[in-house]
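Engineer: Residues per chain are reported as follows:
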Amino acid sequence: MKQFTKRIFGILFKSKENIKLGFYGPPNAGKTSLANRICKDWTGEELGIVSNVPHETRNVQFKEKVEIEYKGKKVVLKIVDTPGIATKIDYEDFLKFGLKRSEAKKRAKEATQGIIDSIKWLDDMDAVVVVLDAAENPYSQVNITIIGNLVARKIPVLIVANKIDLKKADVKKIEAAFPEYDVVGISAKDGVNMEEFYESIVRLSKKV
Amino acid sequence: MNTKRDKKLHGLSLHVMPFSEVKGMSISERVRKILSLIMGNKIIILHGRLRPEEEARLIEDTMVMVDHVKNFKGIELAVIEPDMRKENFMVKMKHELARRLIGDSATITVVGPASVIKEIKKDPKKLELLLD
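Heads up: the sequence lines are chains A and B, in that order.
The numbering of the first sequence is this note's numbering, which starts it at 29 and goes up by one.
The numbering of the second sequence is this note's numbering, which starts it at 84 and goes up by one.
Hint data in this document are derived by calculation from the structure and do not stem from the laboratory.
Check each hint, because a few of them may be wrong.
Within a straight-line C-alpha distance of at most 25 Å, the following computed PhoX-like cross-link-like pairs (lysine-lysine) qualify [claimed, not checked]:
| no. | chain 1 | residue 1 | chain 2 | residue 2 |
| --- | --- | --- | --- | --- |
| 1 | B | 208 | B | 175 |
| 2 | B | 153 | B | 175 |
| 3 | B | 205 | A | 116 |
| 4 | A | 196 | B | 125 |
| 5 | B | 175 | B | 125 |
| 6 | B | 177 | B | 209 |
| 7 | B | 177 | A | 196 |
| 8 | A | 128 | B | 205 |
| 9 | B | 175 | A | 116 |
| 10 | A | 137 | A | 148 |
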């Protein structure tokens with residue numbers, strides 16, 4: 029009964045003031061860089077550590093009450109940065125980045141748990157930003173699986189084509205792969221095209 | 084002359100699976116069947132595709148296996164399906180009708196152990212398997 033009342037109250041008084049906005053995507057696409065950029069822009073503090081070694085983020089990380097404003101419209105977000113989703117983890121891949129064998133094995137173990145957590149968290153999101161590397165092939169099954177799961181759960185999606193600062197970046201290829209969705213090309217690292225991104229976030233929040 | 088590479092390819096095994104083989108199964112049973120074949124170093128070619136939630140479950144269970152089974156590195160997974168976006172209404176309707184009557188036979192799912200398949204390169208029209 030208590031749960032039921034809580035749920036009804038949740039539905040009746042659900043404000044757009046605490047939208048859980050998840051950041052999903054494959055490893056090394058720049059999810060944490062983007063989450064950091066947003067948090068830095070609007071709260072002055074970053075969220076997590078960024079590195080070029082895949083699976084740097086191995087735990088789900090949060091930032092509460094991030095207020096974004098675009099042309100007078102405000103949304104308050106709970107930023108949820110998730111570990112990158114992959115179908116394989118090989119500790120030997122981390123050795124190439126100079127990690128010791130024991131560190132690499134530990135990282136691999138944590139990364140597998142991180143992927144499981146990311147998938148479990150899908151059910152809790154109000155809206156999701158799928159962060160893709162604009163210099164990589166967008167047709168990877170992981171990208172399609174993530175977006176397919178969001179659609180199945182009726183969770184609004186925004187696709188970000190990150191790393192447009194790279195020569196190989198091709199936003200049009202991502203748009204062609206996912207024509208049904210809004211795609212915004214940005215560079216989270218350099219802060220390029222963030223205005224358009226924030227506009228898209230405000231638009232996305234209206235779908236929640 | 085038998086090189087190391089020849090020996091590896093010699094052991095390559097494909098398992099062609101009609102969708103009817105997994106049709107009546109629950110998500111857990113399907114994922115378990117797929118993973119048990121993969122653990123036997125088989126590449127599965129499934130006629131049809133898994134639902135998004137089944138793909139997510141497959142990834143979750145794969146990660147549990149990576150954690151618990153020595154030398155298991157995970158899977159490579161790809162789905163190839165006809166691109167219907169540019170087709171006209173009649174073609175789309177025929178395809179949908181066929182899909183409902185005989186199952187999604189135009190779609191193929193390839194899934195195999197990451198230790199055997201190094202990479203699956205995919206674009207909308209072709210699938211390329213790079214073997215390790």
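Engineer: State for each hint whether it applies.
Structural biologist: Consistency of the hints with the structure:
1. With a CA separation close to 17 Å, the supplied pair residue 208 of chain B and residue 175 of chain B stays within the 25 Å bound.
2. At roughly 46 Å between alpha-carbon atoms, residue 153 of chain B and residue 175 of chain B are farther apart than 25 Å, so this suggested pair is violated.
3. Distance hint between residue 205 of chain B and residue 116 of chain A is fulfilled; the C-alpha atoms sit about 17 Å from each other, no more than 25 Å.
4. Taken as a hint, the residue 196 of chain A and residue 125 of chain B pair is broken in the structure, with Cα atoms around 35 Å apart against an allowance of 25 Å.
5. Distance restraint check for residue 175 of chain B and residue 125 of chain B: the Cα-Cα separation of roughly 34 Å exceeds the 25 Å cut-off, and the hinted pair is therefore not satisfied.
6. For a cut-off of 25 Å, the pair hint linking residue 177 of chain B to residue 209 of chain B stands: about 23 Å separates their Cα positions.
7. Among the hinted pairs, residue 177 of chain B with residue 196 of chain A is inconsistent with the structure: their alpha-carbon atoms are about 39 Å apart, more than 25 Å.
8. Distance restraint check for residue 128 of chain A and residue 205 of chain B: the Cα-Cα separation of roughly 33 Å exceeds the 25 Å cut-off, and the hinted pair is therefore not satisfied.
9. Distance check on the hinted pair: residue 175 of chain B and residue 116 of chain A sit about 35 Å apart at the alpha-carbon level, beyond 25 Å; violated.
10. In summary, the hint linking residue 137 of chain A to residue 148 of chain A is supported, as the alpha carbons are separated by about 17 Å, within the 25 Å threshold.
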